[in-house]
Amino acid sequence: MVAEHADELVINDKHYAVTQDTRKKCLIVDSERKLVIFLYDYALWEQRDEIKSAFVCGSFNMWLENPLYEMQAAPSLALHYLAVDFSNLSGVGNSGFPEYKFCVNGNFLVLEQRDFIPPGYVFPSADKNLVVLFSEKHLAEFLEECKIADKVKKLSDFDLTGREGQEEISNFRLVPRTKKLFRSFHPFYSTGGRSTKYETEKTRIELVQKLSEQEGIMSDINLTDDYTVFAGEEIKWYDGTEGHVEIPPYYKKILDSKSVCNVMSPSHVVPSYEYVYTHPRDKLFSEWVRAIVTFIIDDAHKAPFQIHCAIGTDRTGVFSALLAAFCGATWEEVSEDYQKTNRMGINEYRSKALLAQSFQRLLSINDVSKIKNLQAVLWDYFTTAEVDGEPVLTKAQLEALVAKLN
1075 MVAEHADELV INDKHYAVTQ DTRKKCLIVD SERKLVIFLY DYALWEQRDE
1125 IKSAFVCGSF NMWLENPLYE MQAAPSLALH YLAVDFSNLS GVGNSGFPEY
1175 KFCVNGNFLV LEQRDFIPPG YVFPSADKNL VVLFSEKHLA EFLEECKIAD
1225 KVKKLSDFDL TGREGQEEIS NFRLVPRTKK LFRSFHPFYS TGGRSTKYET
1275 EKTRIELVQK LSEQEGIMSD INLTDDYTVF AGEEIKWYDG TEGHVEIPPY
1325 YKKILDSKSV CNVMSPSHVV PSYEYVYTHP RDKLFSEWVR AIVTFIIDDA
1375 HKAPFQIHCA IGTDRTGVFS ALLAAFCGAT WEEVSEDYQK TNRMGINEYR
1425 SKALLAQSFQ RLLSINDVSK IKNLQAVLWD YFTTAEVDGE PVLTKAQLEA
1475 LVAKLN
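Position 147 of the sequence shown, counting from 1, maps to 1221 under this note's numbering, and the rest follow consecutively.
Don't take each hint at face value.
Listed next, the in silico DSSO-like pairs over lysine-lysine satisfying Cα-Cα at most 30 angstroms (straight line) [said to hold, decoys possible]:
#	residue 1	residue 2
1	1254	1284
2	1310	1202
3	1098	1202
4	1088	1175
5	1108	1088
6	1126	1175
7	1276	1227
8	1108	1253
9	1478	1284
10	1444	1221
Everything labelled a hint here was simulated from the structure, so no lab data went into it.
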């Protein structure tokens, strides 16, 4: 039962004060009843047009206009609202907490130039999503992560005279518990307008190529679209110079030897952010894992291997963590490696809670950090889970994987 009063909502016989503070936070959190009440205030969001529809879309509902998350009007309070149980907000975003936006009349409301939202209730990463903090005790920790997320590094922030600084800016490094698998930023293509947005981008790609050549990379695992089709395309850089997309010599040799794995399912679906974090038990995910492992253990493909997507964060983060765990890495090792990507400073922060969500959904567990032998648990899952009536992987394949990467 819901009712409206002068400055409050009554939901299931409980009165919730609607103050200017809660309007600015865009929500009320009832920890006792485990309920979040989203508030879309017309004046704060400068709503002038008739509201035909209003939804809460977020990391917990695939950013879709789901009828279960449609907001109701409260004319006397000049807002729309929606009450949601904690259990229905279980999907986290890049911040490690549930993230969302209001979708009004079919359009996501953008947070740019919206300075009324207090610190801690919006995540200052690339998408600038609103955040659900279930308790104020999370606020201090979250604000510290926001400082990292909001920092965009310049070239002067990196010591490029040594290997450590070069790895930081290029996101290039050895995957834990392997000797022949390196993860990185894309080797030659800049996506998302980053070439003109960040002064670090040109140097970043140059260093990926330099380090790849130094390590003698002989096979490539590409988790994004095939960007070789853009070879020769004009590109503009932050410093005003122009050039063309060029495939580096070492990568041309890999192409010539047919040792590039453009990862996709039999139905030609390329890995996506949504699937690797939210649907790891889906058939597609298993097909991608199988494709990667069978590519690596094929005698035709020589080590060392390089694995990457566009920026080496999400798809690369999940699959390199999985390969590391297959080879014996602990949760502490893979999660620490996962968060090293944040050192690039390109406004694309990822909390290890996002990686934990992927592993926990994959294994149907509540806390991956409590698993003592992550390798054994993953081997058991992938040798018993099936795709088209066959195990995703066999023990022999996993043993061959460990041998090949070490």
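Hint check results:
For the given pair, residue 1254 sits about 17 angstroms from residue 1284 by alpha-carbon distance, which is consistent with the 30 angstroms threshold. Of the supplied pair hints, the one linking residue 1310 and residue 1202 holds, its CA atoms being roughly 26 angstroms apart against a limit of 30 angstroms. For the suggested pair residue 1098 and residue 1202, the alpha carbons sit about 15 angstroms apart, so the restraint of at most 30 angstroms is met. At roughly 26 angstroms between alpha-carbon atoms, residue 1088 and residue 1175 fall within 30 angstroms of each other, so this suggested pair holds.
As the CA atoms of residue 1108 and residue 1088 are separated by approximately 13 angstroms, the hinted pair is consistent with the 30 angstroms bound. As the CA atoms of residue 1126 and residue 1175 are separated by approximately 17 angstroms, the hinted pair is consistent with the 30 angstroms bound. Restraint check: the Cα-Cα separation between residue 1276 and residue 1227 comes to about 13 angstroms, which is no more than 30 angstroms; the hinted pair holds. Between residue 1108 and residue 1253 the CA atoms are separated by roughly 46 angstroms; this puts the pair beyond 30 angstroms, and the hint is violated.
A threshold of 30 angstroms between alpha carbons decides the hint, and for residue 1478 with residue 1284 the separation of about 24 angstroms falls inside it, so the pair holds. Our distance criterion of 30 angstroms between C-alpha atoms is met by residue 1444 and residue 1221, whose separation comes to about 29 angstroms.
Hint compliance for this structure: hint 8 is the single one not met.
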